[in-house]
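Trainee: Sequence:
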Amino acid sequence: MIQTAWFHRIKAAQRDLIRLVGGIERAAEISSISKSHIGRMNNATDPEMMPLHAVYALESDCGVQVVTSAMAELHGKRLVEPEGQRGADYSLIAAYSDAVRKAGDMISGGAVAIADLVVTPAEATKMDRDAAELEIVIAEYRKALANVKALGGQKVGFHVVGGGQ
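All letters in the sequence shown, in the order written, are residues 1 to 165 by this note's numbering.
Read the hints as simulated data drawn from the structure, not as lab findings. Among the clues, some could well be false.
Mimicking PhoX-like on lysine-lysine, the simulated pairs with C-alpha atoms at most 25 Å apart in a straight line are [to be verified]:
no., residue 1, residue 2
1, 102, 143
2, 77, 143
3, 126, 102
4, 126, 149
Just so it is clear, the structure is predicted and the values come from calculations on it, not from any experiment.
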């Protein structure tokens, strides 16, 4: 097994990407790669890495550049959305609540893993998945905040959807 940090970071991103497109079977359909190959790419300990065409196809399908962002991150860079492509439909409240919820998940999961002062590889994998999910929702939250700034502000309110008397 490969025991380098970059390997584990890219494998975690591959797993996140497979989850984002709907799982192994759907990733296989989108990428035209067999389910068994996708399964190996989804396995944290298997050295099978995704080819670039598969990364591109899966990221295009889900709209989140998970693996590409991880690769940029490993080089000390980060991806940014071009100014002209930010949508006007980012919901600040939803993005904020998602970020807070995922942060809570990451904090509580990490506290449980660290409580016995030993972090196992399985616990580290779970903590990494929680961190990756938080990273995704924080990116959406930052897009929502950018939209608020671009619009010159936003009135934040609550309303009940589908509520009865």
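Trainee: Hints first: check each against the structure and report whether it holds.
Mentor: Status of each hint after checking the structure:
1. 102 / 143: holds, 17 Å
2. 77 / 143: holds, 18 Å
3. 126 / 102: holds, 13 Å
4. 126 / 149: The given pair, whose Cα atoms are some 35 Å apart, is violated under the 25 Å limit.
The structure shown violates just one earlier hint, number 4.
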